[in-house]
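Quick mapping for you: the protein sequence lines, in order, are chains P and E.
As numbered in the working numbering, the first sequence has no gaps in its residue numbers, which increase by one up to the final residue, 335.
As numbered in the working numbering, the second sequence has no gaps in its residue numbers, which increase by one up to the final residue, 1520.
To be clear, the hints were calculated from the coordinates, so they are not data collected in a lab.
There could be a bad hint or two in this list.
Said to hold, decoys possible - Partial chain P-side listing against chain E, Cβ under 7 Å, derived: (1) R160; (2) F167; (3) G169; (4) L329.
What the hints assert, rightly or not - Computed footprint of chain P on chain E; a stretch qualifies when at least three of its residues, placed anywhere within it, have a C-beta under 8 Å from a C-beta of chain P: (5) 1344-1352; (6) 1398-1404.
As the list claims (entries may be wrong) - Chain P regions said to be covered by chain E (calculated; three or more residues, Cβ under 8 Å): (7) 170-176; (8) 181-195; (9) 292-306.
Because the structure is a prediction, the values reported are computed rather than measured.
All C-beta atoms in this analysis are idealised placements derived from N, C-alpha and C, irrespective of residue type, glycine included.
The primary structure of each chain is shown beneath.
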Amino acid sequence: MIEIKNIKKNFGSQQVLKGISASFENGKCNLIIGKSGSGKTVTLKCMVGLFEPDEGTILYDGRNITDMDFHARKDIRREIGMLFQGTALFDSLTVEENVQFPLDMFTNQTAAEKLERVNFCLGRVNLPNTNKKYPGELSGGMKKRVGIARAIVMNPKYLFCDEPNSGLDPKTAIVIDHLIKEITLEYNMTTVINTHDMNSVMGIGDKVVFLHEGLKYWEGTNKQIMEITDGELFDFIFASDFLKDLRRNAKY
Amino acid sequence: MLKIFEQLGGFLTLMYSAFSKPEKAQMYWKETFRQAKDIGVGSLPIIAIVSTFIGGVSAVQFAYQFRSISLVPMWWIGSIVRKGMILELAPTVSALLLAGKVGSNIASELGTMRISEQIDAYEIMGVNTPAYLIGPKIAASVIVVPMLVVIAVALGIIGGWGAGLLGGFFSTTEYFRGVQDGFDGYDVFIMLVKAVLFGFTLSSISCYKGFTVQGGAVEIGKSSTQAVVLSSIVMMIVNFFVAFLLL
Chain P
84 MIEIKNIKKN
94 FGSQQVLKGI
104 SASFENGKCN
114 LIIGKSGSGK
124 TVTLKCMVGL
134 FEPDEGTILY
144 DGRNITDMDF
154 HARKDIRREI
164 GMLFQGTALF
174 DSLTVEENVQ
184 FPLDMFTNQT
194 AAEKLERVNF
204 CLGRVNLPNT
214 NKKYPGELSG
224 GMKKRVGIAR
234 AIVMNPKYLF
244 CDEPNSGLDP
254 KTAIVIDHLI
264 KEITLEYNMT
274 TVINTHDMNS
284 VMGIGDKVVF
294 LHEGLKYWEG
304 TNKQIMEITD
314 GELFDFIFAS
324 DFLKDLRRNA
334 KY
Chain E
1274 MLKIFEQLGG
1284 FLTLMYSAFS
1294 KPEKAQMYWK
1304 ETFRQAKDIG
1314 VGSLPIIAIV
1324 STFIGGVSAV
1334 QFAYQFRSIS
1344 LVPMWWIGSI
1354 VRKGMILELA
1364 PTVSALLLAG
1374 KVGSNIASEL
1384 GTMRISEQID
1394 AYEIMGVNTP
1404 AYLIGPKIAA
1414 SVIVVPMLVV
1424 IAVALGIIGG
1434 WGAGLLGGFF
1444 STTEYFRGVQ
1454 DGFDGYDVFI
1464 MLVKAVLFGF
1474 TLSSISCYKG
1484 FTVQGGAVEI
1494 GKSSTQAVVL
1504 SSIVMMIVNF
1514 FVAFLLL
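For reference, chain P alone in the conformation it holds in the complex (with noise of 0.2 Å):
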């Protein structure tokens, strides 16, 4: 389980963060949602360590990373596989070359054993035998598999997803949700993803906080989310019209 507790985050004068406490929970599909600017990116910024809160606590399993030196914090990190929005693929580095670097870098196994480790992730996100290509040989949906495969490679124990369907069409974006899905429950990882797609949150939305303004204004799953009929949150999540009038009458 991962615990923030009012985090605060400022830069220069903009208060970005207000004082966001929430808890996500393990071998679940935890979502951070909200508008552009509402605090989504600053926040798992802030848990995974790229950003420093100003105040506040972050604790990973009762460990908690804002006392901790960027030493003491390596152990943490090798710990938390990391899916970017953009991917973040080493552009030099081939498919297999990507998916086993952190194992190059962090373990003593053999070239046969990280070989047979980089082959059973590939294959865990349906990519085998794209071992020897580049990032730039891959389509969009192809690149976020890789970064899922080398996110999950060390077999972390948190998984962080920064708007994981971003650039994809809606049914490949589908595809990457549940292999997300089906991933936290096999592994029993603390997943923590960062969106504003709506069909992620009603399909793979075990628990949901929306983020307003740099404050935490809602947290509840996604079943709660469709019982909501006003407020901040219901525009966001029926932003259309069409969407609005379709909720007011539907009945569930």
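Take the given structure of chain P and dock chain E to it, following the hints.
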């Protein structure tokens, strides 16, 4: 003024991190060799062409001047080309060429990695990014630039010989008599000092500019240009102080 000190502080902090203890030395060596190959092999053709012609032009220009002063023997040209190439032309011209080619490449590569979140990806894995991405580039540059400068000196001297023969200014025997005459190993020492300092300067400034870029494609272009301009200026200042202090 405050911004200059801010940048200097940022640069020194980054350099400190770049040379901190590596997570896995084998990976760093591998990366250093890869960088050395990129910098060395990739830059060899341009260094070879430019230094050969600089040696040739030096020989022709001195021959042109010596002709009007009939008291100066033509074999001196070999000596002048050698000394000029070793002390100034080979290290300085090579370094400026490398600042344009390698420096801009380093800055844009790191800038692109920063913008595309590749550096963040390394950091989340627990990699010490300055040490892994910057350290090997600087180490490779400090090793390879002196090698390129030595090649540039050799080719410059050969270029001077070729141009002299082509113009009929001197014979092969005369030219190489000049090349060997009054050879001082201290000149080579100064050349190597310059080459090492230039290698460090151009790679470290380019790494700093690329690593700290913020924004998008426009900023990457700007940082690449700034890397070339700033490293060229700093190298010329370093060049002056080396000459002033060691000659």
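Hint numbers contradicted by this structure: 4, 5 and 9
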